[in-house]
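Chemist: From first to last, the protein sequence lines are chains A and B.
Sequential numbering from 1 applies to the first sequence in the UniProt record's numbering.
Sequential numbering from 1 applies to the second sequence in the UniProt record's numbering.
Because the hints were derived from the structure by calculation, they are not lab data.
Fair warning: there could be bad hints in the mix.
In this list, chains with the same sequence are indistinguishable; a pair is considered to hold if it fits within one copy or across any two.
Said to hold, decoys possible - Straight-line alpha carbon distances no greater than 35 Å define the calculated DSBU-like cross-link-like pairs of lysine-lysine that follow:
1. K95 - K113
2. K66 - K43
3. K59 - K95
Number of protein chains: 2
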Amino acid sequence: MKNDKSKIPEHCKKYVQGVKDTQDLMSGKWKTVIIAALYNTGKFRFMELVRHIEGISPKMLSQELKDLEANNLIKRKVVDTMPIAVEYELTSYGKSLGNVVDAMSDWGMRYRKAVFAK
Amino acid sequence: MKNDKSKIPEHCKKYVQGVKDTQDLMSGKWKTVIIAALYNTGKFRFMELVRHIEGISPKMLSQELKDLEANNLIKRKVVDTMPIAVEYELTSYGKSLGNVVDAMSDWGMRYRKAVFAK
DNA sequence: AAAACTAGTTACGCATTGGTAAGTAGTTAC
DNA sequence: GTAACTACTTACCAATGCGTAACTAGTTTT
């Protein structure tokens, strides 16, 4: 056997597992966009997000926010004014996803330029 | 209006668009894993990938490889030996996704540690 | 000559995803 | 007092994603 790739090194498995875990937490059509929005602007109310993220419905936003909150990536805060306001922002975990979102955004912008340049 | 977030700054739109574009190209259950595998190891034949990526079926692998090739992220090379071999590797575009995959892997590994540490 | 390996393809089907539309409960502006 | 706003929820439906299993066509090993 000249080149046996059948044995997968441990660090490689961990590397891939990391990618999978991150992907799972950011799965679905809207989570990365929500995270990107909160990462850029800091704090948003529910309807602000609905208006800010074009195309999202209240149903999907609500669902995705719940998922993100369950994974401790964002925190939901009810401001007890009259009328009540609900604010969403990233937790420190959530903020640490900034690297990932930045990398995706950088790459995406460069790719788009390259594609349109042809 | 104290705090008008209704006007979305242009750079913010571009930022989010970048994230979306990247997400679209890496969508599905297997693309990031395939990219990570090729990024780590360089070159793989079809059946090597099937064995290396646990859980993937030939059908899904074939489908995802086609998608990735269509988006110019990987190249497929038929080595004209007897029997023929088919090699897959990242294009330079594909390699430039390394930052994204690295960021995802880093974050995922840290997150996993943090979750199990509790 | 049969079994096994290469690189896939095809048929089938269930389950998840995500969209539309409408409804709810409370508050407030006109 | 009625329309509109906030923060959602619910019901329903269509499309897609993804898995299983089997099959193909060529090559090679036994």
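Chemist: Let me make sure I understand: some of the numbered hints might not hold for this structure. Which ones are they, in numerical order?
Modeler: none
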